[in-house]
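Quick note on the working numbering: the first sequence kicks off at 8 and runs consecutively.
The set of hints was computed from the structure by calculation and includes no laboratory data. Accuracy of the hints is not assured; some may be wrong.
Claimed, not checked - Straight-line C-alpha distance at most 27 Å; calculated DSSO-like pairs for lysine-lysine: (1) 160 - 236; (2) 216 - 156; (3) 191 - 160; (4) 236 - 339; (5) 236 - 306; (6) 339 - 112; (7) 302 - 281; (8) 302 - 274; (9) 231 - 424; (10) 339 - 69; (11) 191 - 302; (12) 133 - 256; (13) 133 - 216; (14) 306 - 156; (15) 33 - 236; (16) 256 - 156; (17) 112 - 306.
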Amino acid sequence: MNFIEELRWRGMIHDMSPGTEIELEKGMTSAYIGYDPTSDSLHIGNLASIMMLVHFQKAGHKPFALVGGATGMIGDPSGKSEERNLLDEDILRHNQNCIQKQLEKFLDFKCNPNPAEMVNNYDWTKEFSFLHFLRDVGKHITVNYMIAKDSVKNRMNSGTGISFTEFSYQLVQGYDFCWLFEHKNVRLQMGGSDQWGNIVTGTELIRRKLGGEAYALTCPLITKADGGKFGKTESGNVWLDPEKTSPYKFYQFWLNTSDEDAAQYVKKFTLFTKEQVDHLIAEHQLSPHLRILQKTLAKDITIRVHSEADYNAALEASELLFGKGNNESLKKLSEETLLSVFDGVPRSEVPASALKEGIDIIDFLSHETGIFSSKGEARRMIKEGGVQINKQKVIEDLRINETFLLNEKYMLVQKGKKNYHLIIKN
RNA sequence: GGGGAGAUUCCAGAGCGGUCAAAUGGGGCAGACUGUAAAUCUGUUGGCGUAGCCUUCGGAGGUUCGAUUCCUCCUCUCCCCA
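Take the sequences, apply the hints, and build the full model.
Pasting the structure below:
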């Protein structure tokens, strides 16, 4: 199965320029995708494009990951319109290194003959003078052409307008493609469907400036069946960096996807073959309550992004918290397992002396630990049966003391079904 | 510059002198059901406490026994005519 066919059955093609498939059939081709280096970690919103590069490399082509040190400074009008800050070079390099480390989990940067390669457009942009840019790049593209782009048009019609800087964005990105075409023989740029306009400016620039033929391929935006935005939770982005999003939370994110979404995500985010995926979906439909799709999806992605050990820990934690876990099984845990299971769960400390005397449950849940922002809220939730300590529901006139401690040091407070809080005796 | 409308608890949006911590809907949170789902149903959604009290309805004053509701000024938003 070739690259395009592979993407096609996975539903990862939104649009591509004519001739792309023929070009790829000619032999090993190079393609690139750009990443924003404004953070030192990628998030799962980047996952679809990463997978495009993975499939690309697996099909025997050479993938390039570009970090947009230069473009990141300008701000792409296709996305949100907030002003961006200039990143200084040190941070930029740091972010680039972190991003490369994450990409190494997916792409092979060492294999032959098609190792992945990382580039930073800051390298060929930083010395580029304004005049030089106007003469060398701006001359080839008409303003009429640029204005016709949806991203620009929308902003021109809106009350806020568009700054010259952001207007120029497509030229800077287009120049990247041009540069890579010339110096790295890159023939194809890929990305999310929102990047189509920018990518095509690149192919246009290549045609006019270099007389070359380059191609564009985009994948659809990842959607959720309920219309919500993919990749966001109440607590923000889901990051690939375990420091920012713990493997447990990461695993939970995928486990909690809806049936429809899971079927879509298995195709897009795992490397299972078409037969395997069809089989999984069929199996899931036979017995949806087993949630085979979600479990397989969560396992596969967690292992690839983190590790087998992280997956096992996340699984263990999940079973303990949602499955057969009860007061007894909690008490049996060693301190080490306890801490690893609740890694990433919010914590607060309580002085040993207070526990010795005993604390009123309401004070304990509000002032003492900050789990609830007011006593009323704590009281209300207890009445509703929404508070558990060490997996046992609590009542209002309870006093918390040392007998509640696990391993003589910890206490697990649960607000509702999914919100855990680890209390540590200080 | 002239004329008009409005600013209410997370959002939308009622209230138009006491019965208003403030209708209703949405959202959030929780409970039941369940597959750690969806749908549905129920409860809850200022603080302290559970008698009641305290701080809230753009800001500052005023009228009144009493104001979210009336008056004055200020700030901001929107609409129409120039």
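Status of the hints after comparison with the structure:
1. 160 - 236: holds, 24 Å
2. 216 - 156: Holds, because 20 Å separates the two Cα atoms, which is no more than 27 Å.
3. 191 - 160: Violated - the C-alpha atoms of residue 160 and residue 191 are around 32 Å apart, more than 27 Å.
4. 236 - 339: violated, 40 Å
5. 236 - 306: holds, 22 Å
6. 339 - 112: Violated, at about 36 Å.
7. 302 - 281: At roughly 18 Å apart (the allowed maximum being 27 Å), residue 281 and residue 302 satisfy the hint.
8. 302 - 274: holds, 14 Å
9. 231 - 424: holds, 23 Å
10. 339 - 69: violated, 51 Å
11. 191 - 302: Violated: residue 191 and residue 302 sit about 41 Å apart, past 27 Å.
12. 133 - 256: Given pair residue 133, residue 256 is violated - Cα atoms ~39 Å apart, limit 27 Å.
13. 133 - 216: holds, 21 Å
14. 306 - 156: violated, 41 Å
15. 33 - 236: violated, 38 Å
16. 256 - 156: Roughly 39 Å between the alpha carbons, so the hint for residue 256 and residue 156 is violated.
17. 112 - 306: The given pair, whose Cα atoms are some 15 Å apart, holds under the 27 Å limit.
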